[in-house]
Every structure is written in structure tokens, then in C-alpha cells.
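**Q** So you can see what is in the structure, the chains are spelled out below.
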Amino acid sequence: MIYEKEKRYIVPFDDVPSPRAEMPEISVDERRGNFDEVETGFPESVAVTEAKRCLSCRRCLGCALCWAECGVEAIDFDMPDEVLELEFDDVIITRGQDNAFSAIDPAWGYGTYADVITDLQFERMLSPTGPTDGRVVSPLDGEIPARLAVIQTEPEGDENHLLSSVVLGVNESILALDRTEGLKITLISPLSPDFKERFLADAEKIAGLSMVEGKAGSVQRSGEGDPLTVTYSHEGADHTETFDLVVLLTKPVLSSETQALSKKLDKPVQ
Amino acid sequence: MADNRVLIVGGGPEGVKAARQKSEEGAQVTLVEKFPSLGAERIPRDRLIRSDEGFINPDLDKVRNDSNIHILPYSDIQKVHSGEGAYFARIIQHGLRVDNTKCNDCKACIKVCPVNMLDDFNEGLGFRTAVDFYNPVTAEYNIYKEDMPVCQRSCPLNLDIRSYVGLIADGRYLDSLKTIRDRLPLPGSIGRVCPHPCETACNRQYLDEPISICFLKRFVADVELNEGIEPVYETPEKTHPEKVAIVGAGPAGLTCAYHLARMGYKEIQIFEALPVPGGYLWVGIPEYRLPKKLLQREVDLICNMGVEIQYETRIGEDISFEDLRKDHDAVFIGAGCHKGLKLRVPGEEEYEGQGIIDCVTFLREQALNPTEGKGKLIVIGGGNAAIDSARVGWRMGFDEVYILYRRTKKEMPANPWEIDAAEHEGVILQYLAAPVEILGKDGRATGMKCIKMELGEPDASGRRRPVPIEGSEYVIDAETIVPAISQGTNLEFLPQDHEFSLSRWNTFEIDEDTCQTNIPGVFAGGDVVTGPDIAIRAVAAGRNAAMGIDEYLRSK
Numbered sequence: 001m002i003y004e005k006e007k008r009y010i011v012p013f014d015d016v017p018s019p020r021a022e023m024p025e026i027s028v029d030e031r032r033g034n035f036d037e038v039e040t041g042f043p044e045s046v047a048v049t050e051a052k053r054c055l056s057c058r059r060c061l062g063c064a065l066c067w068a069e070c071g072v073e074a075i076d077f078d079m080p081d082e083v084l085e086l087e088f089d090d091v092i093i094t095r096g097q098d099n100a101f102s103a104i105d106p107a108w109g110y111g112t113y114a115d116v117i118t119d120l121q122f123e124r125m126l127s128p129t130g131p132t133d134g135r136v137v138s139p140l141d142g143e144i145p146a147r148l149a150v151i152q153t154e155p156e157g158d159e160n161h162l163l164s165s166v167v168l169g170v171n172e173s174i175l176a177l178d179r180t181e182g183l184k185i186t187l188i189s190p191l192s193p194d195f196k197e198r199f200l201a202d203a204e205k206i207a208g209l210s211m212v213e214g215k216a217g218s219v220q221r222s223g224e225g226d227p228l229t230v231t232y233s234h235e236g237a238d239h240t241e242t243f244d245l246v247v248l249l250t251k252p253v254l255s256s257e258t259q260a261l262s263k264k265l266d267k268p269v270q
Numbered sequence: 001m002a003d004n005r006v007l008i009v010g011g012g013p014e015g016v017k018a019a020r021q022k023s024e025e026g027a028q029v030t031l032v033e034k035f036p037s038l039g040a041e042r043i044p045r046d047r048l049i050r051s052d053e054g055f056i057n058p059d060l061d062k063v064r065n066d067s068n069i070h071i072l073p074y075s076d077i078q079k080v081h082s083g084e085g086a087y088f089a090r091i092i093q094h095g096l097r098v099d100n101t102k103c104n105d106c107k108a109c110i111k112v113c114p115v116n117m118l119d120d121f122n123e124g125l126g127f128r129t130a131v132d133f134y135n136p137v138t139a140e141y142n143i144y145k146e147d148m149p150v151c152q153r154s155c156p157l158n159l160d161i162r163s164y165v166g167l168i169a170d171g172r173y174l175d176s177l178k179t180i181r182d183r184l185p186l187p188g189s190i191g192r193v194c195p196h197p198c199e200t201a202c203n204r205q206y207l208d209e210p211i212s213i214c215f216l217k218r219f220v221a222d223v224e225l226n227e228g229i230e231p232v233y234e235t236p237e238k239t240h241p242e243k244v245a246i247v248g249a250g251p252a253g254l255t256c257a258y259h260l261a262r263m264g265y266k267e268i269q270i271f272e273a274l275p276v277p278g279g280y281l282w283v284g285i286p287e288y289r290l291p292k293k294l295l296q297r298e299v300d301l302i303c304n305m306g307v308e309i310q311y312e313t314r315i316g317e318d319i320s321f322e323d324l325r326k327d328h329d330a331v332f333i334g335a336g337c338h339k340g341l342k343l344r345v346p347g348e349e350e351y352e353g354q355g356i357i358d359c360v361t362f363l364r365e366q367a368l369n370p371t372e373g374k375g376k377l378i379v380i381g382g383g384n385a386a387i388d389s390a391r392v393g394w395r396m397g398f399d400e401v402y403i404l405y406r407r408t409k410k411e412m413p414a415n416p417w418e419i420d421a422a423e424h425e426g427v428i429l430q431y432l433a434a435p436v437e438i439l440g441k442d443g444r445a446t447g448m449k450c451i452k453m454e455l456g457e458p459d460a461s462g463r464r465r466p467v468p469i470e471g472s473e474y475v476i477d478a479e480t481i482v483p484a485i486s487q488g489t490n491l492e493f494l495p496q497d498h499e500f501s502l503s504r505w506n507t508f509e510i511d512e513d514t515c516q517t518n519i520p521g522v523f524a525g526g527d528v529v530t531g532p533d534i535a536i537r538a539v540a541a542g543r544n545a546a547m548g549i550d551e552y553l554r555s556k
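Chains F and Z supply the protein sequences, listed in that same order.
In this text, residue positions in the first sequence follow my numbering: the first is 1, and each later residue adds one.
In this text, residue positions in the second sequence follow my numbering: the first is 1, and each later residue adds one.
With the C-beta cut set under 10 Å, the calculated list includes, among others, these residues of chain Z facing chain F:
1) PRO13
2) VAL16
3) ALA27
4) GLU33
5) SER75
6) HIS81
7) ILE161
8) TYR173
9) GLU425
Just so you know, the hints here were simulated from the structure itself, not pulled from any lab data.
Here a beta-carbon is modelled for each residue, glycine too, at the ideal position from N, C-alpha and C.
Please build the complete structure, drawing on both the sequences and the hints.
**A** What follows is the structure, encoded as C-alpha cells:
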């Protein structure tokens, strides 16, 4: 399992799970009619055992293995941070690369199934500088998918988002189809009127991509080794279809830092 | 054009585009990006593309080679404020910890690095090590060393938890305590009462359970106490002559005094209305959670640094606020929230003091002059003050103790372990009920008319709003009724015509960085700014204010 928390990733490892220490207390009978302290404190051995459970969160701790290994002595742990005090006449705040995780409904299987990824992750996968040098592979088993679904997860409300996310989904499909032989992509979204007017005709001409005007419901896997099952409604009927990789079109969320800066300076985020 | 300096925050496509535009308009541009590499090669979201034009950004090379654009990668904006038509920013550019002019791209460092975390440059697809090159094209090698782990970041005071827990694991208890005291002068007290947001954030919970951080803090404080060690908090040789007044000897005021003393301020006076120190820690948190003796010792250690506390001195009565300002170079207000809010139901005013007593007064009187309880006690509310009042009442000897709360246990804002402890001790919790009227006879409260509630739609707080069920009124008898619905500030110590800007909750509005109010030289922090909140946040405010006061006095 992989855990995400405020843009921090941790990878669990093989420490033997151990419950945390319990605080010893005086009994309820001893408490009535007096104000004696209820919790009596950890004995030394308990405190040390408890402290040893700390993972130190396995960030760089300056273990210096890299420093020892580096032949050209390029590693310098003491390289200082630089503090710059600067004055400006204007500030422009943009959303930057620091995408906050939007809360994704568990119904979409994100976080549960490794082969359900977000549009932003798919973008990195398609990038020549990304983790797979631009190849489309399933993070579950490293296989090249034959059937891929791109589905809209937040169809309600924001028309601008609905438009830009589907355009991104179509563009990602164009790149994926170009790089993957025999791939079939199904894009499921309510499709905004704006999208239909400006882009749908061109999108429907793309070989290998089928545009489905509808609403996806859930992503599930019936058993280990099975493909993913996507449920969706289309033209008043419910459908289920199986896929090897599912890409979720998500609504971008500004990082809390960007939001705070925007609020503090009373400047919109561009 | 020196008069057009533009700061652009964020090195994504929007930021890169804005940088190019502003440079073309003749501006001097500073482009700040969090990651070690700009990330503008994206897929367009406003037009359909051909398969060969996905990750091309023609602006990027222009921006990289533009002498009017200063790119600051791997940088964070630490502080920014505006004034007189300009913006002032403090930007931290993190050291890469790798000299890229020497690096030969052999990747040996990556092979040996034991850190294995998801690759944040790739949105969590795949793994990376702490040493990484981010963008393979530009290959900026760097070692990612977080400024602080999640526990430390979630602590309002940013205590270096990883260090002090690690020192306990090594058996170095007093070193651990010293690390804690670098920021927190009340480790034994906070180690008992803190609701520990650090443990809520602790990554270990994903393996099994979070580390018991708070109690470990208490453990090292107790080691010193049990071994009879009396530490001396050091003050520097170089001192400052300015006089600082602190209103209130609560966690905010004490911490402010502690840090000012550590900076070399000799003339620090705390004015405390009560005969005891600690503020709410003394008169709000009951003895069974925090023994007064222990709190007193932690206060004494601060006083030993030369901090003076004038007890039973109420500003606005014994000394006017204006005199306080005149006699001191800076003032810190840490007066807390010591006013229990009213239920606003009929009968409440009539029987006030005659069976009706708000939780702040109730807890304070028990802390200062304990009495015994008799008959039935009803506490109204769902926060920690309600639980404390009930558990105190149970210890005072009330025959039956009830807590009445208008929502359910799930929505109760009190710490779950406190609710459990109250139930365990025999306090009876009645959910989905609200007071309608206080009933009385011969000038004394005798009971309360209540109404049953049900949960409706979520309100602004995200909790489901309780709605009265018509016709479900019922009466409960009680000798003592303690409303514990919330607390507010009492700002009567300020002159009538004061010019402080206050929020609509009657709290001070301050500059977040310095804790200064709108009146220069007057600072505020703790509950008097935030409303009723946790002690560690007041401690953090006291420390921030000390730094703000020092900055103010040193630039005077």
C-alpha cells in the first residue's frame, strides 16, 4: 500500500507492527472524592520502547552513504540555504507545479488499485522526461494496456473545468494512441455544450478513441488478476465494461500555501 | 527599468508564460519555483494537439536564456508583505547539497540511498530516493531534506519531535528535555494536557498506531522532576534595557516572557489578575489532569530567569492600560478567554449564581477554593471544558453527573479519550438534547426544561445541524447547572475609547508574523487572538510574539 498525506509520500517497510504504549492510570475507585492525577506516567522501559517505534520518517537524515560513494566529491551536506530579502513592485501568483491532492472519492478505486491513476499522473507517464520515458504501462504489473478508460470524476458544476479536463483527456489519448500499438481508449464524460461545439467533431475522428457522453459511476475489480470494471450510464442505460488501465479526470486543487499567499496579498491565482 | 520589478510565484506553464510576457514589457522578473526544476512542459488544456506537440513549451527556453528573468528554483517564499506600493519578500533558496558543476551523472548516490519514497516530481508514479535529479533533461541533482517531518509541521510550536523522541530512544532523557525547552518552557504541563496534533499526523499510524509523542514529552519532564534536578535556564550576558509588560500569566504570556528573557531582556513584568500563575492551565485544567505543584515549578523556573509576576493585579482596575503602555516599551496581551458564554434561555439570568454557574467560573472556583458537591449536576456542552466540568463535579461528590449535548458523540468537539474517561467514571452523557428554559423556585434553580433534537443538514462547520423535535420537551431536575458551551474574551481592561482593531468575536486582530496589533508596540497572542484554543497554540503565539517584540524593540 502507498499512502499519501499532504503531498508527502511514505513507503511502509517491514518493521514488525507493534501497538503503542498505554498510559497507566489509577482505578476509577481511587478517583472519587479527590483530585489525584489520573495518569501516572510511563515507566522508563516503556518510554524507551515507545520512542524506538518512531520511524524518523525516513527522510534524508544525512546518513552520508551518497557522500561516501560519490567519486567526484559533489555531495556537500553543509551547502547552506540562501536567504534573499527582495523588493518588488508587483506580484503575480500562479498555480505552479505543486498540485495539492484533491480528495478523490474511494468509489473510483484510486489508492486501492495501482492501475487507477489521475490525469496528472498520466501526463507524467506520457512525458518524455517521466518515469517510463513516455511509454504507457500499467503501474500494477508493468504490462502495456490494451483497453484504457478516461473517466470524468467531478462532472458537476464547473463548466470551465469540465471543458479543460476533457480537452486534457483527449490530448492524453492522442499521445497514448500514438505510442501504443492496438490501444483502444474510451473517454466517459457528460461533455459540456462548449466542448461539443468546439472539439467533439475532431475528437470523434481520432482512430482508437471513442467518446461516450455519459456519467461514470464506479471502478472495481472483482478478483485478483482481473481487469478493472467501470460502470457508467449512457443514453439512459447502465453499462459495465472492463479496462486494463483507468485514468481519472480530476479537478485541480490549489495548494494551501498558494491559497494563503493569494489571500494575504489579495491577488488572484493565474 | 528599476521601477518595475515583478515577482512571479510558481514555475509551471502559467508562471513561465507570465515571466516571458513581463520581460517583454521591460520588467525585471524574479521567478520563484518550489521544485528544483521549472515544470512548464505540459499538455495543453485549451486546444487539441497533434501527437508530436505534447510537451513542447517554446516559452521555456526563452525564459531560461532571458537575462531580465532571474529564476529561483528550489525556493520558498517564507514571508511577504506589502506596504507603500511595494512588496517585500523573504525567499529561501534551498541548498541543493550537490555541487552540479562537479557531478558527473554517474548515479552512484541514487544506488546507495536508503530512502525510498514516491516520486513527487512524477505525481507519485514510481519511486525516488532522497538524492535525485528531478528533470532528466536539465539534471539538477539535489538531496531532498524536508525542513520538518509531518509531526513537527503539525505542531503549532514546530517542536523538533524527531530529535527529542530519538534522544529518548538513546536513553538521553535530559538532552531530550533540553531540545524541547528550546521552544517550550512548559514540557511537563503540555505533556499532560496537549491534544497532540502531532500524533494525529504521525506517519506511524499507517503501519499500526501513532507514536505516543505527548506522553514521551511528559516522561522526560518527569525524569528531571523525580531525580530532583533543578535546571537553571540560561540568560545571555548581553542584556537589553527595555521594559516589557505582559498581561496574563497563561501559557502565551509565560512563553513570551521565557523567550524574551532568553534573548537578554531583563525588565519583564507579568501582570496577572488571579492569585495564581498558569492562566487556564491552573484555573481551567483540573488538578487530576495537571497537578498544580508541577505547573508551579515550571513557572518558578521561568521566574528564576528574572521574570517578575505581579499577582492579583487586574489591568483596567489596579493599573490602567494607558499607564501600562506609558511605563513599558512594549506590551504583550495574553489575557485568554475567561468568560463563559451564556445559553441565552429564560431563567438563566434570574438564577445566575443560584444554581447556575458557567463552566469557567465553576472550574476556577474548584481550582482556587474547592468545595463539595451535592445532588445532581448537569453540564451543557460538548467541548473539553464540558467534560472537565463533569469530571470535576463527579470528584466533588455530586450524586449524579449529566452532560447534555445537542448533537451526538460523533460530533462532540471534546477529545475522544476525555469523553471515554468521563463515561468510564460514571458521567452520564445525554445526546441530542438542548436546554429550553431554566426552572427555579424561591430564587434557586431546580431544574431545566430540555428539548430533544435530531440531526439535519450539515452547517458551515461541516457538522450536521441539530434541529429541535417539536413537542418533545421534557424536564430534568438538578441542583447545579453548568453551561459549558464556549468561552469568550473579556476586554474590559481596555479603555473605552481604545483604537484596537478587533474581530467580530471580540478578539484582537494581529499581524501573523510578528503578533503585533494595529497599535505599534502592543502585541497579542493566545486565546485572546484565536478564541478558545489549545494550549500549545498559545505557547507558539507567545514565542512568535517574543520574536516580534524583539524585532520591534531592536529596530526602534
